[in-house]
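Those sequence lines, one after another, are chains A and B.
Here the first sequence stands for residues 817 to 1230, numbered as in our numbering.
Here the second sequence stands for residues 817 to 1230, numbered as in our numbering.
The hints are simulated quantities; they were obtained by calculation from the structure and are not laboratory data.
Since we're looking at a predicted model, the values are computed, not measured.
Certain hints may be false.
Since the list gives no way to pick out one identical chain from another, each pair is judged satisfied if it fits inside one copy or across any two copies.
[Claimed, not checked] Simulated pairs of lysine to any residue, SDA-like, Cα-Cα distance not exceeding 20 Å:
no., residue 1, residue 2
1, K1057, P848
2, K1057, P1117
3, K818, A1170
4, K1029, M1194
5, K891, A1197
Number of protein chains: 2
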Amino acid sequence: MKHKKLLTKMFAAAVAAAQPSKVIAQHLPAKPKGRVIIVGAGKASAAMAAAFEKAWRGKVEGLVVTRYGYSVPTKHIEVVEAAHPVPDVAGQTAARRMLQLVQGLTKDDLVIALISGGGSSLLSLPAFGLTLEEKQKVNAALLKSGAPIAEMNVVRKHLSAIKGGRLAQAAFPARVVSLVISDVPGDDISAVASGPTVVDPSTFAQARAIVTKYGLDLSAAVQGHLAQAIDETPKHLPNAKAILIASPQQSLLAAAEVARKAGYHPLILGDSLEGEARDVAIVHAGIALQVRRFGQPARRPCAILSGGETTVTLRGQGIGGRNVEFLLSLAVKLQGMNDISAMAADTDGVDGGAEVAGAFIGPDTLSRARALGIDPVMELANNNGHGFFAKLGDQLICGPTLTNVNDLRVILID
Amino acid sequence: MKHKKLLTKMFAAAVAAAQPSKVIAQHLPAKPKGRVIIVGAGKASAAMAAAFEKAWRGKVEGLVVTRYGYSVPTKHIEVVEAAHPVPDVAGQTAARRMLQLVQGLTKDDLVIALISGGGSSLLSLPAFGLTLEEKQKVNAALLKSGAPIAEMNVVRKHLSAIKGGRLAQAAFPARVVSLVISDVPGDDISAVASGPTVVDPSTFAQARAIVTKYGLDLSAAVQGHLAQAIDETPKHLPNAKAILIASPQQSLLAAAEVARKAGYHPLILGDSLEGEARDVAIVHAGIALQVRRFGQPARRPCAILSGGETTVTLRGQGIGGRNVEFLLSLAVKLQGMNDISAMAADTDGVDGGAEVAGAFIGPDTLSRARALGIDPVMELANNNGHGFFAKLGDQLICGPTLTNVNDLRVILID
């Protein structure tokens, strides 16, 4: 496969730029007079905790929660595993313990919050008077409603005892420094893990308006909680600050630099592209053809890069996987053009339901598939990208990377 | 509406760059010793004929075929109207007359072929022994088969008496100069109007393979014609040459120049972008946000431009229209961002089923719609872009432009 080595190197650079072990040491706050307490939630939180305690000179203690299977060994910071994307009791217990951990601190103490994607489900604690089951029902109703994620989060934050800045509020007067790995469009820190340590601009009134707008059928307890509007989320947290230590854009820049050194003109389209994977691929193909024919919007040899999360609407029997679906659609559209190669992969190492990060395509992808009796158009219609690339031996497999800055897509035009 | 004037001016520049009256005079061939015969087919052929006879110094005669309602007055060249996209007898008669017109010429004579999109249906003449009805059935079977347009055209060219270079072949030894307005990806001249004056690289054997591949159920006469393989399409036409006088890219460059003069950095993504309109919009939104936040891939103020034809899969009660669907999806995705405006329109003046070229959006599109009690998300789900922009008074209406270089999409980021 053409350029597999260079494309793999670009992916590795993108992942490295988001690895806690590589980036956390550059963002250590000044040592406080008092104690240092670590809290945190997200798919990367265990890896962040391990990296933090390795880089930090001094005593640390604390607790982070991560997804089942995402633990790494730590010496001082406790790691708890919980369920994602549907919260469970383990996450709830961890959230309660975390709130207790930061209570009673003084202004000489420092809380470090290690925040990454997935933290919203992992760190779930119903507001006083509500149960986990009630919150789960609200979640299910929200997911069915068609409400955009921003509106869902307004409701969620107003049913939680820890989201929307409440964790930082609980730590007052201790200082809270959040080290954040972003996986959200625009790197809106209040959206990563539902922002437990960041001010929340939304209100109970807005939460009620959203419930009305989508006609959500909620329990009396939940309705009562929203109506009483006691204990609004904090609009001001003078003790808290947040630092973005890794982001999709930073990883794109790292991958682009590898391409540049290999002689390609990098063209970064966006760090948060969305849309149906197969159509996003068709647009990428159109841009690649423009580069190829007119030297626009960048000259050849060119590396087109993009990040963000596409979606796959499952219609066939395959398991989907947005990066492999993107690549299969791209290959079908380009029809074996002899100077174009590509790679797409999830920086967390897991593309959809398979323990595979992504795959590669090259000029010979379609012809090799057909030689094996595989019809690429049928496989695409069947959402069987993972099956397709497995049979070709062109998967990108690296195991869970324990970080996540969404997808990396690269198209090389020679 | 913000920037409506500038966006309209960009659209006008794109259309002007593809107007026969503006471009044909620059591409006149040298005057021959003998006669000058005009032939032609396409939605722009009447406008091209009128522009040609106005610009040409000397005697001209001939015949062109255009779509019902697309005639313009001419003095010397006859204009015939026929059906599009399903061929009718009028087109068939015109095709037969055109072949007769170019027969018996000498090498001192010059045939000018005025070719534009739509000509494939308008200039339809079944090969000897086949009927129009048989060809119509093949067409219907091809459209249902899922075969890509390139494969459909291989079959069509091998069932035709005029497509695939046969018109130029008939004119030999006269010289044939084709003036072409392209509406196809890559400006492949053999694909515009099925290339009646351009060599055809495909063969009867390939046509038969495509019939087998898609299991097409064809009449005995059609099967017999493909099996006998008499009279292959010409692979060499020493008497013919083709000149691209207008193309999507040329129109994009003209619109980009207007933006540049108004202080915007133009970023042309591609002249032939495809994909489902709402998803193409989401990708454009992602690129616009990248420009806005990181000054990539171009600095602000920036004008993102793209061409080509998207598709709309109708699921709601609206009539679709790929440009208005693109804009509605873009508006919903951008959620009223205060420094982004956009326009999308078909350069032929007709976006889908409405006599409307396209529309505009600005920061206040969503809020104005909601104030009128219109839900943009519902209207998008309903494929009702035309209804949406009609109610807002933000349509772009210019009447049929009598040319076609596909769509023009512009996003301005201030």
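Outcome of the hint check:
1. K1057 - P848: within (15 Å within a copy, 80 Å between copies)
2. K1057 - P1117: neither (42 Å within a copy, 32 Å between copies)
3. K818 - A1170: Neither. Shortest intra-copy (24 Å) and inter-copy (47 Å) distances fail the 20 Å Cα cut-off.
4. K1029 - M1194: between (41 Å within a copy, 13 Å between copies)
5. K891 - A1197: This pair counts as neither: shortest intra-copy Cα distance 49 Å, inter-copy 53 Å.
Consistency note: the structure conflicts with the earlier hints numbered 2, 3, 5.
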